[in-house]
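Asks: Residue numbers (numbering that gives the first Met the number 0), protein chains in the order written: chain A, 0 to 299; chain B, 0 to 374.
I should point out that these hints are in silico values taken from the structure, not numbers from a laboratory. Where a beta carbon is used, it is the ideal one built from N, C-alpha and C, also for glycine. Honestly, I wouldn't trust all of these hints.
[To be verified] Per label pair, the in silico range of CB-to-CB distance: (1) G272(B) - R91(A): 22 to 28 Å; (2) E351(B) - Q120(A): 49 to 55 Å; (3) G32(A) - G272(B): 51 to 57 Å; (4) Y265(A) - E351(B): 42 to 48 Å; (5) Y265(A) - G267(B): 28 to 34 Å; (6) P132(A) - G163(B): 44 to 50 Å; (7) E184(B) - I231(A): 25 to 31 Å; (8) T361(B) - R91(A): 57 to 63 Å.
[Unchecked claim] Below, computed lysine to aspartate or glutamate pairings styled on EDC-like, alpha-carbon distance capped at 20 Å: (9) K369(B) - D181(A); (10) K268(B) - E138(A); (11) K268(B) - D135(A); (12) K175(B) - D269(A); (13) K180(B) - D272(A); (14) K248(B) - D133(A); (15) K219(B) - E138(A); (16) K245(B) - D272(A); (17) K175(B) - D272(A); (18) K245(B) - D1(A); (19) K245(B) - D123(A); (20) K219(B) - D123(A); (21) K268(B) - D133(A); (22) K219(B) - D269(A); (23) K248(B) - D123(A).
[Unchecked claim] Covered stretches of chain A (in silico footprint by chain B; criterion: 3 or more residues with CB under 8 Å from a CB of chain B, positions within the stretch not fixed): (24) 121 to 134; (25) 213 to 223; (26) 266 to 273.
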Amino acid sequence: MDYFVELFFSGLTRGSIYALIALGYTMVYGIIGLINFAHGEIYMIGAFTALIVSTVLSIFGFPLPAIIILTALAAAIWASAYGYTVEKLAYRPLRNAPRLSPLISAIGMSMFLQNYVLLAQTPDFLPFPALIPDFDFMEPYAGFIGSSDMVILVTTTVIMILLTLLIKFTRTGKAMRATAQDRKMAMLVGINVDHVISVTFIIGSALAAIGGMLIASHIGQINFYIGFIAGIKAFTAAVLGGIGSIPGAVLGSFILGLTESFATGYVSSDYEDVFAFSLLVLILIFRPSGLLGKATIEKV
Amino acid sequence: MNLSAKLTVFFAAAILALTMAIPAMAGNDTIKIGVAGAHSGDLASYGLPTVKAAELVAADINAAGGINGKKVELLVEDDVCKPEVATNTATKLVSEGVNVVIGHICSGATKAALPIYRDANVIVMSPSATNPALTQSGDYPNFYRTIASDDAQARTEVDFAINGLGAKKIAVIHDKGDYGKGLAEFARKFIDESGKAKVVLFEGITPGAVDYSAIVQKIKRSGADAVIFGGYHPEASKIVTQMRKKRMKTVFISDDGVKDDTFIKVAGKYAEGVYATGPADVTANPVTREYREKYKKAYGDEPGAFFDNAVAAALALTNAIAKAGSTDPAAIARVLHTEDVATPFGMIHFDEHGDATGVGFTMYVVKDGKYVQVR
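Given the sequences, and given the hints that come with them, work out the whole structure.
Replies: Here it is, written out as structure tokens:
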């Protein structure tokens, strides 16, 4: 039983890591129907920014809580700037192009950003400081779940709730929903669609950056390539839960994380990806739009 | 007579001639050492340093009056690292009456040539052929080498875990890559063969995953005393970090993919006490320095690949002939197995398979943020 609980928490940790990245994926898809492959790279840039800022701040001797808050802010702002620019440069000119064009543009952007960081920073792995300390009250549970796992889990949940509230109850959220439903109609009723899309990218990128900071601090190392693998898994999770749906991304991430964890624990870690993707295939066979995705009928 | 019958007669005659040639030539007044390997072609850089090493050692010995009054004569033959050429090379050396052979360089060529030497009862010592089966299969009792075989790293890890640390239950983890998985499979084999410890877990992980806590829990549940990990440092540092964060004290042993300063930099305090194998540092050894100096004086640049190993082979063979007092292969073999000789790798002799002891990998441990050799 203990072993089951341990594996369950391992799965939750993995799941919440995926969820932090998947939220940005699903938001962008929900609004403009674009799979933003560069999202993983924004996450990576967020992590690099966090590394630089936190190193500088700790040299100046700031206290730890101040470092965490300032680093998160800096990473979020910087990554948002990247997200905003990427959208302006790579996606906006293709707004009315066939669906495949922005997709290719996104893949190109992803490669560009990876290689840019590779050249501008380093191809090596860099150590990332543990920003989240080991809390004393977590000590009895250290065998099950670490402090940083706990923080990631809580952050994911809080962000998911805040995002849902934002989309349900604010003006921006209403504009986002309108844009998602029918872009042309939204324009006709006076919504600045370009502005709404920019805001979506900014929020998504800020989430990715905070995710980058927390996850890098949990893993303890970063390099230019981390965004790719994490991005693929998060994308899978988003599709599993129903891409475009905010709670769906979180649900899908937890299911993916738990599947991988139990597959490792009870079968073999050689097969964790086999189980994860078999599950994805099965779910898509029975629910093509994912667990919480809305089935849309396209008029032809 | 048809063609195949003619060929049969020809080969029978050739073999007869060869076997007769050996005792006839044993009475010559020089000691003939064959040096076979890639001396031209694109792999020449692997073979030429061995020729130079043999020349330097032979010159020293001849300047001091030879071995037991006989001068050393080198017969240098090129096999271009190709198995089909190596058989010709070997046949030629045997027909010229070599007493011992230093070579060949590549594992494939060595394997092709060895049966010819075995049938002619000639001792062969390679400075560079690393294929494990060459010594371990037992097919070539005439074969020795002064380089660690491909599985030596796994053997060092397992020996250290079982005999050095007294581990009874060992978890073997790898990264599914050629290097990591190959090592892990050798490690599993050696643990099983030792009979003193058990492999309680053998699994591959996905490189680059965001979190390894599930496999860490599995290691914990397996009750392993030690983990042997085959792979590179990014995964190793993640696994070690998560093990230590879960307050596990299980020993972590890995390979030269982890014996990298980046590992210590990334894993930080959690790297302390991690064991990793790496090539032994021989630059402080006086024999190593002596021959490297001589090479620099004679040729003006740094010695190339396998130079130290070739010097070791030449010294071991000439020493064995001198101590044996004859060029009788059985007498030479006895000395090789029983008596230590000073080489660039320190005092070495050869184990029952023909592998040099003390050549190759040693264990390092992270102490105060640095890899230090385990004594």
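Asks: It remains to establish, for every hint, whether it holds in the given structure.
Replies: Each hint tested on the structure:
1. G272(B) - R91(A): 22 to 28 Å: With Cβ atoms ~54 Å apart, the hint is violated.
2. E351(B) - Q120(A): 49 to 55 Å: With Cβ atoms ~52 Å apart, the hint holds.
3. G32(A) - G272(B): 51 to 57 Å: holds (52 Å)
4. Y265(A) - E351(B): 42 to 48 Å: holds (43 Å)
5. Y265(A) - G267(B): 28 to 34 Å: holds (32 Å)
6. P132(A) - G163(B): 44 to 50 Å: Violated - the Cβ-Cβ distance for P132(A) and G163(B), about 35 Å, lies outside 44 to 50 Å.
7. E184(B) - I231(A): 25 to 31 Å: The hinted range 25 to 31 Å holds for E184(B) and I231(A), with Cβ atoms some 28 Å apart.
8. T361(B) - R91(A): 57 to 63 Å: holds (60 Å)
9. K369(B) - D181(A): Distance of about 61 Å is beyond 20 Å: violated.
10. K268(B) - E138(A): Roughly 18 Å between the alpha carbons, so the hint for K268(B) and E138(A) holds.
11. K268(B) - D135(A): holds (19 Å)
12. K175(B) - D269(A): holds (8 Å)
13. K180(B) - D272(A): holds (18 Å)
14. K248(B) - D133(A): It holds: about 18 Å lies between the C-alpha atoms, which stays within 20 Å.
15. K219(B) - E138(A): holds (18 Å)
16. K245(B) - D272(A): The hint is violated at about 24 Å.
17. K175(B) - D272(A): holds (13 Å)
18. K245(B) - D1(A): holds (14 Å)
19. K245(B) - D123(A): violated (27 Å)
20. K219(B) - D123(A): Violated - the C-alpha atoms of D123(A) and K219(B) are around 30 Å apart, more than 20 Å.
21. K268(B) - D133(A): holds (14 Å)
22. K219(B) - D269(A): Within the cut-off at roughly 18 Å; holds.
23. K248(B) - D123(A): violated (28 Å)
24. 121 to 134: holds (count 5)
25. 213 to 223: It holds: at least three residues are needed, and the region 213 to 223 of chain A offers 6 whose Cβ sits within less than 8 Å of chain B.
26. 266 to 273: holds (count 5)
In summary, the structure is inconsistent with hints 1, 6, 9, 16, 19, 20 and 23 from the numbered list given earlier, while agreeing with the others.
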